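For the record, the sequence lines run as chains A and B.
According to the working numbering, the first sequence is numbered sequentially starting from 12.
According to the working numbering, the second sequence is numbered sequentially starting from 1044.
Some hints here could point you the wrong way.
Said to hold, decoys possible - Stretch by stretch, here's where chain A covers chain B in the computed footprint (C-beta under 8 Å, at least three residues):
(1) 1147-1159
(2) 1202-1211
(3) 1397-1407
(4) 1453-1465
Said to hold, decoys possible - Not the full set, but computed from the structure, chain B residues with beta-carbon under 7 Å of chain A:
(5) T1057
(6) A1131
(7) I1164
(8) Q1198
(9) W1240
Stated by the list, open to error - Listed next, with one range per pair, are the computed distances between beta-carbon atoms:
(10) A:H68 <-> B:S1093: 29 to 39 Å
(11) B:Q1119 <-> A:P46: 54 to 64 Å
(12) B:E1412 <-> A:E394: 50 to 60 Å
(13) B:T1466 <-> A:G366: 21 to 31 Å
(14) A:V72 <-> B:Q1455: 11 to 21 Å
(15) A:G180 <-> B:R1329: 34 to 44 Å
Calculated from the structure, these hints are not laboratory results.
If you're wondering where the values come from, they're calculated on a predicted model, not measured in any experiment.
Just so you know, even glycine gets a beta-carbon here, dropped at the ideal spot from N, CA and C.
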Amino acid sequence: MPSNRKHPRLAKGGPMSIAFIGGTVIDGTGADPMPETTIVVEESKIVEITQQTEFGHDVDVYDISGRTILPGLIDTHVHFAEWAQWLITSQKHPLSYLAAETICRMRATLERGVTSARDMGGLEIGFCQAQEAGLIPGPRTKAVLVIIQATNGLTDFMPGVGGTITPQGLSAFMPGIPTPWANGADGVREKVREVLRYGADFIKIAQTSVPWAQQHRPDRPCFTPAELEAIVDEAHRAGTEVCCHVIGYESTDSTWEAIQAGVDLIDHGSFLDDRCVEEMAKRNIWYCPMFSIMDFHATRNQNPMVNPIGARTLELTKESFKRALAAGVRICLGTDQPFEIPWQGREIKFMIECGMTPMQAIVASTKSSAEALHMDNLVGTLEVGKEADLLVIDGNPLETHDIFCDPNNLQLVMQAGKPFSGTLAASFPKPPMAKVVNFYRPF
Amino acid sequence: MTFALIGGTMIDGTGADPKPENTLVVEGTKIVEITSQSEWGGDIQIIDVSGKTLLPGIVDTHMHFGSWFQWMITQQHSYLSYLMCKTALNLRRALESGVTTVRDLGGLERGFVDAQAHGLIPGPRLQTGGVIIQPTNGLTDIMPGVGGSITPQGQTVFLPGLPSPWADGPWAVRAKVREVLRYGAQAVKIVSGGIPWDKLHLDADRPLFTAEELQAAVDEAHRAGARVCCHTVTMKNAEAALMAIQAGTDLIDHGVYLDDRCIKEMAHRQTWFCPMFAIMDFHRSRNPNKTVNPIAAECFELTADSFRRALEAGVPIAMGTDGGLETGWQAHEMAWMVENGMTPLKSLAASTLHAAEALGLAEIIGSLEVGKEADLVVVEGNPLDDFRTLGDTRNLALVMQAGKAVSGPMAQQFPYEPPEHMTFFPPRPEKRPW
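Chain A extracted, bound-state conformation (with noise of 0.2 Å):
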């Protein structure tokens, strides 16, 4: 006989309930953890946090002493599928490859303790759109789609421009994804026009290239002001926000240009002077600093000639936080995690080490990440009423900065009250299978 047949609930079909007992909860708003306290999950939501630890029997009971829960983390950026914006260089693999591995990194991630993410450039919406009806697991997720610069941007590779050519000899990008090029202030807002229509949740611009790309100077701004403009007004008539991708390297005129034309989020930021994160306090800009990656480009990267340039960047990248910091200027979680699963522990070891307490690194990686997301409604908090998104961690993570870096200690992953990983998941009682499924529309 299955085990699944002994929970009575299920068998039934009524709602189930679970109760968290005897755990530290870091309720991710920044109050103080509130140790040996019970979260009560019912069905996708917690419905109830209290001192009762005693339930009855249509409650299943799950004690975690010594353990600590919190909310899932939530990335503001990452790429699952980065190679859709360079599919030209790809010629070996099928689509479908490429697309299973970001099935596969979507898995990845939410496995490793995200729970919500953006995609800044690259992911198809109908990934989306397929992780929210359930056909394939991963974090709830927003998507920018492309990355919209000017001709000679961040992605725009000569002599090959991130097509793919296919062997019908036509130069097709994936159908759902536009170009991300266009010039001018009409052609800019006419291209936020068509990303929006394309499904996008944000528009995501590039103000700077990288500071290794070779043909311009590192940091000369990529739009100019009245396109910057353009840009953050027709993304705001259209109820959506802009974030920008700027890397500061030798000088902040080009981050300067895009805060002063109201964008509403500076990713990367790597040099941020006074100037800047005053105004950015001033203007409630979201500042998504992603050491991670800078990690990446100064010790992983294959191209020796990147390993310095991202090693000097990641330093810059660590005053400017903190002078951010100082200021009081928001901050959410990001990575830019691209091929390499999971960034996000160290992201937070990074946020420590520069300077954020323990509490705020998890507050900027949860709260204050779903507020970046415009998800606050729904998660990023362990409150009555939010959705049971949730994590099982072996360990304090107030005490042990790097807890998020091992996998091992991460017990429980939940979503929308749904155990997904860990080795407490295994301990749920499984639903049974739908019977059928079809999918057949006859054409």
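Model the placement of chain B on the given structure of chain A, informed by the hints.
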């Protein structure tokens, strides 16, 4: 890691009688021992399967996990990535329903095959035929739209990794076979007859290719070492099927009405027969297009009749369902084969070892024998009494593929493996494992 499944009744898939109280030992991905020993030392994990039955994983020789890629033009409201995720979901569900190996005969880009083999997505071990090679006005040549996708850039493309399926004339057919193999197909799928409810103004039984075209396809595929599967559906005149058999195709899919000449020739040439009751049952009872239902009901009966005669004549039979959108078809297929004269053990063999033979994989999978990959299903009770119980995943205590517990309540008895640091860069594996 080594573990022993003890106490279960073993049906090995070769057609041999069930062996009660046998122990099957798995090390790594393979079956290393089959014994009556039930006491083991401490380094071997014991999994008690008393009262349960061990079967080889089910092998389905004919499914479609990406059928939509054959008529992408009708999918303008779905993102390509969403369709791919559906494929990934259906692959996982097929595996979780006990199907550990599948040949996809139309629509599946090669990348899915490699992605499964490299562990990126769970699913049955896969072979793909890529596209269904057909002449103009053939099986999936739907006018006015003809299958591609109009991108917002204004271009008509198929999936980049799938060629267009149409070829006319022996030389063009030969070139098309080369093209399909170049795109990574591991089998060649061609058509002879169409679909009886399609293009009603034409003779539904008419052969679609000429004999010369069929011979060119078979010759070119065999030179390249690939097998040829031929879709034939005829209801009154089996000429199309006979032409395909005489051209030397390795497997006849559907068949439906096969006359005695066909049966005799198939038995003589040992051409595989894959009857696929399941798809006709779908079309007779669940296809929302009501005009299809009665025609498919007749096809189902004709298939049953051909199946009985083929069985009697000694035609080799491999199980296939034409499924992929719904789960559980294989269980029903096995039951229908029993209802039409096969013994339950033979029906199981047709769905495991014989199907593996039809795929050319019998040295690796298909039966519970020492040295084979540990692809197996642990079932509650005795499935030989009623194969339909296999169609309900609640009766599957464990699905195992390549020695790894995939699903079922017993999967929880295996140790939890925490995720490791992953990197996809560089390079992606280029080796093609099959």
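Results of checking the hints against the structure:
Requiring three or more residues with a Cβ within less than 8 Å of a Cβ of chain A, the coverage given for the region 1147-1159 of chain B holds, as 8 such residues are present. Using a Cβ-Cβ cut-off of 8 Å, 5 residues of the region 1202-1211 of chain B lie near chain A, which meets the minimum of three, so the contact claim holds. Requiring three or more residues with a Cβ within less than 8 Å of a Cβ of chain A, the coverage given for the region 1397-1407 of chain B is violated, as only 0 such residues are present. Proximity of the region 1453-1465 of chain B to chain A, defined as three or more residues with a beta carbon under 8 Å from a beta carbon of that chain, is established by the 7 residues found.
Annotation: interface hint on T1057 of chain B violated; nearest CB of chain A at approximately 28 Å, more than 7 Å. At a threshold of 7 Å, the smallest CB-CB gap from A1131 of chain B to chain A is about 5 Å, leaving the interface hint in force. Taking 7 Å as the C-beta cut-off, the interface hint given for I1164 of chain B holds, the closest approach to chain A being about 5 Å. Hint on Q1198 of chain B holds. Least Cβ distance to chain A is approximately 5 Å, under the 7 Å limit.
For W1240 of chain B, the interface hint is violated, since its Cβ never comes within 7 Å of a Cβ in chain A; the closest pair sits about 11 Å apart. Roughly 30 Å separates the CB atoms of H68 of chain A and S1093 of chain B, a value that falls within the hinted 29 to 39 Å. Our hint of 54 to 64 Å for Q1119 of chain B and P46 of chain A holds, since their Cβ atoms are close to 55 Å apart. At about 57 Å, the beta-carbon gap between E1412 of chain B and E394 of chain A stays in the expected band of 50 to 60 Å.
At roughly 30 Å, the beta carbons of T1466 of chain B and G366 of chain A sit within the given window of 21 to 31 Å. One distance hint, 11 to 21 Å for the beta-carbon pair V72 of chain A and Q1455 of chain B, holds here, with the actual separation near 19 Å. At roughly 41 Å, the beta-carbon separation of G180 of chain A and R1329 of chain B lies within the given 34 to 44 Å, and the hint holds.
Violation of the numbered hints given earlier is confined to hints 3, 5 and 9; the remaining hints are satisfied by the structure.
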